[in-house]
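Visitor: Letter by letter, the chains look like this.
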Amino acid sequence: MATRQTRSLARLMLTPSVILLLIWMIVPLAMTLWYSFQNFNLLNPVMRSFAGFDNYRYFYTDPAFFESIANTLAIVVGVLLITVIGGILLALLLDQPIFGQGIVRILVISPFFVMPPVAALIWKNMIMHPGYGVLADVARSLGLQPVDWFAQYPLLSIIIIVSWQWLPFATLILLTALQSLDEEQKEAAEMDGANFFNRFRYLVLPHLARAITVVILIQTIFLLAVYAEILVTTNGGPGYATTNLAFLIYRTALLSYDIGGASAGGVIAVVLANIVAIFLMRAVGRNLER
Amino acid sequence: MARAISTRRKTVTTVVAWLVALIIFFPILYTIITSFKTEPEAIAGISLIPSGTFENYVEVQAQRDYFRPFLNSVVISLGSTLIALLISVPAAWSMAFSPGKRTKDILMWMLSTKMMPAVGVLVPMYLIFRDTGLLDTRTGLTIVLTLVNLPIVVWMLYTYFREIPGEILEAARMDGASTLKEIVYVLTPMAVPGIASTMLLNIILAWNESFWTIRLSAANAAPLTAFIASFSSPQGLFWAKLSAASTLAIAPILIMGWFSQKQLVRGLTFGAVK
Amino acid sequence: MGTIKLDDVTKSFGATVIIPKVDLEIEDGEFVVFVGPSGSGKSTLLRLIAGLEDVSGGKISIDGRDVTHVAPAKRGLAMVFQSYALYPHMSVYNNIGFPLKMAGEGRETIDKKVRDAARVLNLVDYLERRPGQLSGGQRQRVAIGRAIVRQPTAFLFDEPLSNLDAALRGTMRLEISELHHQLKTTMIYVTHDQVEAMTLADKIVVLNGGNVEQIGSPLELYRKPANLFVAGFIGSPRMNLIEGPAADAKAAQTIGVRPEHISVSKTAGDWMGTVGVAEHLGSDTFLHVQADGIGPLTVRADGEVGLAHGETVYLTPDQTKLHRFGADGRAL
Numbered sequence: 002m003a004t005r006q007t008r009s010l011a012r013l014m015l016t017p018s019v020i021l022l023l024i025w026m027i028v029p030l031a032m033t034l035w036y037s038f039q040n041f042n043l044l045n046p047v048m049r050s051f052a053g054f055d056n057y058r059y060f061y062t063d064p065a066f067f068e069s070i071a072n073t074l075a076i077v078v079g080v081l082l083i084t085v086i087g088g089i090l091l092a093l094l095l096d097q098p099i100f101g102q103g104i105v106r107i108l109v110i111s112p113f114f115v116m117p118p119v120a121a122l123i124w125k126n127m128i129m130h131p132g133y134g135v136l137a138d139v140a141r142s143l144g145l146q147p148v149d150w151f152a153q154y155p156l157l158s159i160i161i162i163v164s165w166q167w168l169p170f171a172t173l174i175l176l177t178a179l180q181s182l183d184e185e186q187k188e189a190a191e192m193d194g195a196n197f198f199n200r201f202r203y204l205v206l207p208h209l210a211r212a213i214t215v216v217i218l219i220q221t222i223f224l225l226a227v228y229a230e231i232l233v234t235t236n237g238g239p240g241y242a243t244t245n246l247a248f249l250i251y252r253t254a255l256l257s258y259d260i261g262g263a264s265a266g267g268v269i270a271v272v273l274a275n276i277v278a279i280f281l282m283r284a285v286g287r288n289l290e291r
Numbered sequence: 030m031a032r033a034i035s036t037r038r039k040t041v042t043t044v045v046a047w048l049v050a051l052i053i054f055f056p057i058l059y060t061i062i063t064s065f066k067t068e069p070e071a072i073a074g075i076s077l078i079p080s081g082t083f084e085n086y087v088e089v090q091a092q093r094d095y096f097r098p099f100l101n102s103v104v105i106s107l108g109s110t111l112i113a114l115l116i117s118v119p120a121a122w123s124m125a126f127s128p129g130k131r132t133k134d135i136l137m138w139m140l141s142t143k144m145m146p147a148v149g150v151l152v153p154m155y156l157i158f159r160d161t162g163l164l165d166t167r168t169g170l171t172i173v174l175t176l177v178n179l180p181i182v183v184w185m186l187y188t189y190f191r192e193i194p195g196e197i198l199e200a201a202r203m204d205g206a207s208t209l210k211e212i213v214y215v216l217t218p219m220a221v222p223g224i225a226s227t228m229l230l231n232i233i234l235a236w237n238e239s240f241w242t243i244r245l246s247a248a249n250a251a252p253l254t255a256f257i258a259s260f261s262s263p264q265g266l267f268w269a270k271l272s273a274a275s276t277l278a279i280a281p282i283l284i285m286g287w288f289s290q291k292q293l294v295r296g297l298t299f300g301a302v303k
Numbered sequence: 153m154g155t156i157k158l159d160d161v162t163k164s165f166g167a168t169v170i171i172p173k174v175d176l177e178i179e180d181g182e183f184v185v186f187v188g189p190s191g192s193g194k195s196t197l198l199r200l201i202a203g204l205e206d207v208s209g210g211k212i213s214i215d216g217r218d219v220t221h222v223a224p225a226k227r228g229l230a231m232v233f234q235s236y237a238l239y240p241h242m243s244v245y246n247n248i249g250f251p252l253k254m255a256g257e258g259r260e261t262i263d264k265k266v267r268d269a270a271r272v273l274n275l276v277d278y279l280e281r282r283p284g285q286l287s288g289g290q291r292q293r294v295a296i297g298r299a300i301v302r303q304p305t306a307f308l309f310d311e312p313l314s315n316l317d318a319a320l321r322g323t324m325r326l327e328i329s330e331l332h333h334q335l336k337t338t339m340i341y342v343t344h345d346q347v348e349a350m351t352l353a354d355k356i357v358v359l360n361g362g363n364v365e366q367i368g369s370p371l372e373l374y375r376k377p378a379n380l381f382v383a384g385f386i387g388s389p390r391m392n393l394i395e396g397p398a399a400d401a402k403a404a405q406t407i408g409v410r411p412e413h414i415s416v417s418k419t420a421g422d423w424m425g426t427v428g429v430a431e432h433l434g435s436d437t438f439l440h441v442q443a444d445g446i447g448p449l450t451v452r453a454d455g456e457v458g459l460a461h462g463e464t465v466y467l468t469p470d471q472t473k474l475h476r477f478g479a480d481g482r483a484l
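Chains as they are written, first to last, in our numbering: chain R, 2 to 291; chain X, 30 to 303; chain G, 153 to 484.
Everything labelled a hint here was simulated from the structure, so no lab data went into it. Possibly wrong hints are sitting among the right ones.
30 angstroms max Cα-Cα, derived BS3-like pairs, lysine-lysine [claimed, not checked]:
1) Lys173(G) <-> Lys157(G)
2) Lys133(X) <-> Lys143(X)
3) Lys210(X) <-> Lys130(X)
4) Lys210(X) <-> Lys473(G)
5) Lys173(G) <-> Lys265(G)
6) Lys336(G) <-> Lys264(G)
7) Lys226(G) <-> Lys157(G)
8) Lys226(G) <-> Lys211(G)
9) Lys173(G) <-> Lys130(X)
10) Lys211(G) <-> Lys210(X)
11) Lys253(G) <-> Lys210(X)
12) Lys253(G) <-> Lys264(G)
13) Lys210(X) <-> Lys265(G)
14) Lys130(X) <-> Lys473(G)
15) Lys402(G) <-> Lys336(G)
16) Lys187(R) <-> Lys143(X)
17) Lys173(G) <-> Lys211(G)
18) Lys291(X) <-> Lys143(X)
19) Lys402(G) <-> Lys157(G)
20) Lys418(G) <-> Lys210(X)
21) Lys253(G) <-> Lys265(G)
22) Lys187(R) <-> Lys210(X)
Quantities reported herein were computed from a predicted structural model and do not represent experimental measurements.
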């Protein structure tokens with residue numbers, strides 16, 4: 002296995018993917034960095050000049066910037082809380098003996114396979130619509146005033162939609178982890194007189210720690226970049242109420258044609274994502290080695 | 030006695046579980062039901078029994094040329110998956126069977142490229158695509174989706190390949206198999222289930238990718254994600270038609286997804302949870 | 153023919169030296185066992201001969217041909233792995249036929265040879281099964297079948313019995329020994345179990361820390377261990393190694409005496425001791441005795457010996473079968 006020929010062959014086979022990913026990582030990033038120091042607007046492409054840190058200053062002083070950061074965090078934290086807690090509860094429920102377990106599993110996992118624009122449109126029109134949505138119908142039948150979700154609670158609405166998409170993922174992973182818990186351990190704990198909550202606190206939760214970390218890591222990567230759900234529901238509004246960083250950069254680049262400004266935003270987004278990534282990769286790396 | 034209690038408990042958990050599952054599944058179910066309603070029915074309040082018309086499906090094709098984005102989605106997700114596999118199989122093979130000192134680092138680095146936010150490079154990608162004529166082409170989208178999913182494909186294949194015992198490949202070598210024969214007769218048959226799962230998951234991910242596909246396409250190469258997103262612009266209440274288009278867009282992937290639950294966990298957690 | 157020769161073979165992984173230097177000559181038709189504790193380099197040495205690892209220095213020749221840089225497939229050797237390494241997706245028939253198919257043999261030749269091997273190994277009824285449907289012993293036989301159809305110059309076995317239960321291990325040991333008598337082909341067999349080594353080998357190579365401690369026939373190693381390591385490793389129960397006044401009396405740093413070379417008496421003898429645990433095996437009894445001024449000794453006594461815990465016994469070692477070792481651990 003470890004002979005010289007096999008090793009050089011191995012290196013050769015690894016090269017294409019490494020080179021491709023290297024280009025994919027470096028070239029656009031370098032360009033983003035370069036543009037972020039340029040005055041460059043697509044509406045007036047001839048007028049290009051060096052801008053220094055103006056783009057960053059402009060982006061930084063834009064009140065929408067801080068609002069978008071706050072919105073980004075709200076979406077990430079809100080969805081994580083809902084999906085992790087909900088996922089643990091659902092996983093515990095589905096781990097019990099149930100008639101028709103296979104079908105229940107399929108029903109629960111399904112939202113994950115729905116493409117984001119479809120998910121967002123279903124919720125916007127059929128569920129949350131103040132006039133004809135299911136929730137409005139339910140409210141009226143109870144004699145209540147229907148809620149105009151996207152006008153009254155725009156950010157919460159987004160969080161609900163995104164949580165619906167990711168809850169199945171968290172549930173499935175936590176359920177898989179739960180099922181790998183040794184039956185004998187549970188029985189030993191029962192013999193030792195641990196009740197359900199003690200078993201959960203001292204046996205199940207530590208066992209799930211690694212899976213929970215993985216869920217948090219992977220979801221964070223995707224949640225930082227929520228885009229399509231916002232695009233098809235609120236388009237970032239009202240005002241900037243549902244504009245996250247990803248959406249703000251899109252607005253600056255492709256709606257205001259401000260390449261320099263959007264690039265500065267892009268650099269900021271990369272830096273922020275990397276801070277989260279380093280933090281999380283460490284946690285996961287530690288977890289993976291166990 | 031104990032048995033009676035456990036049966037009763039099972040009945041209770043069954044009812045609770047089904048209730049929760051149906052609530053979670055309801056939006057999808059309701060969309061499918063609505064797709065068989067007429068437009069007036071669709072906005073006439075909750076009703077779980079449609080009149081059973083297929084007209085919406087016919088209309089979606091007639092008015093919006095549904096088949097075109099559908100074909101785009103098929104070409105782009107299948108194309109990017111196949112290319113990613115072609116590049117990844119050798120890479121994962123070499124890392125799994127001849128690991129070097131840097132293998133772990135390379136794997137972690139590949140994972141880290143996945144963490145780069147897409148918006149961070151939206152501007153240059155848009156400009157590169159515009160200047161090279163890749164904007165709104167299937168080729169362009171295929172390239173981007175290949176690169177976006179490459180790390181997941183490598184990781185997933187790596188975790189599958191690592192489970193093939195090295196001794197079996199050594200045995201093949203002792204039995205006189207050349208590297209080529211070793212790959213054809215021993216490695217490939219053992220790796221096929223893993224490659225198939227990887228392929229399935231990657232098609233799902235590519236099919237549903239909704240940032241690059243929406244931003245880098247227009248009328249020509251738009252896959253279903255962009256097609257559905259275009260329904261968001263106000264143009265009257267065509268919910269039944271929207272439901273029909275949505276049902277068509279999610280049905281194939283929903284069915285594939287049901288078959289790949291186990292592989293999904295493994296693929297998306299980079300082998301950390303099995 | 154099947155002579156194998158190792159000249160100054162060394163192996164290191166980076167800065168870690170696994171095998172400092174080994175010279176070894178294996179005659180045609182010989183059954184050679186590499187034995188040693190885990191980490192002794194015995195498996196590495198086998199893999200070097202197989203070509204699955206590159207040597208760091210030195211030369212390996214098979215039948216006088218230098219194969220140091222020849223690919224494993226071209227060395228004409230067959231190997232049986234610890235995990236059996238059967239191809240899970242192929243039937244037993246195809247597993248056994250695989251090396252022949254790789255060698256480009258015709259369909260009929262393959263069929264004949266596979267069926268012959270299956271007959272020898274009692275696998276005729278299982279040819280269409282997959283490895284997953286076989287028991288441990290049957291898998292082991294398939295692995296052996298795959299090795300013999302090639303008619304290799306030599307067989308390499310890498311701890312082939314360690315995954316089997318005790319009873320099956322005994323049976324398979326006999327089958328391998330029988331196979332060697334039938335085929336008369338060179339076999340190299342790696343194990344950590346000295347019983348396997350003693351029962352199977354024409355020649356035993358004792359390895360420790362990558363060094364060859366001693367090479368010889370089972371009886372040579374039993375009768376004349378070259379050093380303390382071999383003395384302690386070969387023989388069961390272990391040889392008693394005694395230091396202190398009793399050794400000084402024989403002008404040695406350490407003296408060794410095997411449990412079966414000590415006679416027991418209730419009345420008189422050289423050493424006095426107290427009986428601890430007595431293990432009754434029926435044919436023999438192993439007595440664990442705390443000898444005064446000497447330490448714990450294991451003694452093999454008659455199966456019917458009537459000694460109980462706490463009784464006083466007198467022990468007399470057989471002077472002609474006493475082993476003496478110097479301060480460097482070598483036999484004097």
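Visitor: Does each hint fit the structure? Answer for all of them.
Guide: Hint-by-hint comparison with the structure:
1. For the hint linking Lys173(G) to Lys157(G), the alpha-carbon distance of about 13 angstroms falls within 30 angstroms, and the restraint holds.
2. A threshold of 30 angstroms between alpha carbons decides the hint, and for Lys133(X) with Lys143(X) the separation of about 16 angstroms falls inside it, so the pair holds.
3. For the hint linking Lys210(X) to Lys130(X), the alpha-carbon distance of about 28 angstroms falls within 30 angstroms, and the restraint holds.
4. Our distance criterion of 30 angstroms between C-alpha atoms is broken by Lys210(X) and Lys473(G), whose separation comes to about 57 angstroms.
5. For a cut-off of 30 angstroms, the pair hint linking Lys173(G) to Lys265(G) is broken: about 40 angstroms separates their Cα positions.
6. Annotation: proposed proximity of Lys336(G) to Lys264(G) holds, straight-line Cα distance about 21 angstroms (limit 30 angstroms).
7. Distance check on the hinted pair: Lys226(G) and Lys157(G) sit about 17 angstroms apart at the alpha-carbon level, within 30 angstroms; holds.
8. Restraint check: the Cα-Cα separation between Lys226(G) and Lys211(G) comes to about 16 angstroms, which is no more than 30 angstroms; the hinted pair holds.
9. Among the hinted pairs, Lys173(G) with Lys130(X) is consistent with the structure: their alpha-carbon atoms are about 26 angstroms apart, no more than 30 angstroms.
10. A distance of roughly 29 angstroms separates the Cα atoms of Lys211(G) and Lys210(X); the hinted pair therefore holds under the 30 angstroms criterion.
11. In summary, the hint linking Lys253(G) to Lys210(X) is supported, as the alpha carbons are separated by about 10 angstroms, within the 30 angstroms threshold.
12. For the proposed pair Lys253(G) and Lys264(G), the alpha carbon gap of about 13 angstroms is at most 30 angstroms, so the pair holds.
13. Distance restraint check for Lys210(X) and Lys265(G): the Cα-Cα separation of roughly 21 angstroms lies within the 30 angstroms cut-off, and the hinted pair is therefore satisfied.
14. Restraint check for Lys130(X) and Lys473(G): the C-alpha separation of about 52 angstroms exceeds 30 angstroms, so the hint is violated.
15. As the CA atoms of Lys402(G) and Lys336(G) are separated by approximately 45 angstroms, the hinted pair breaks the 30 angstroms bound.
16. For the hint pairing Lys187(R) with Lys143(X), the CA-to-CA distance comes to about 37 angstroms; that exceeds 30 angstroms, so the pair is violated.
17. Restraint check for Lys173(G) and Lys211(G): satisfied, since their Cα atoms lie roughly 11 angstroms apart, inside the 30 angstroms limit.
18. With a CA separation close to 22 angstroms, the supplied pair Lys291(X) and Lys143(X) stays within the 30 angstroms bound.
19. At roughly 40 angstroms between alpha-carbon atoms, Lys402(G) and Lys157(G) are farther apart than 30 angstroms, so this suggested pair is violated.
20. Simply put, Lys418(G) and Lys210(X) have alpha-carbon atoms about 71 angstroms apart, too far for the 30 angstroms limit, and the pair is violated.
21. Proposed proximity of Lys253(G) and Lys265(G) is supported: the alpha carbons are some 11 angstroms apart, at most 30 angstroms.
22. For a cut-off of 30 angstroms, the pair hint linking Lys187(R) to Lys210(X) is broken: about 48 angstroms separates their Cα positions.
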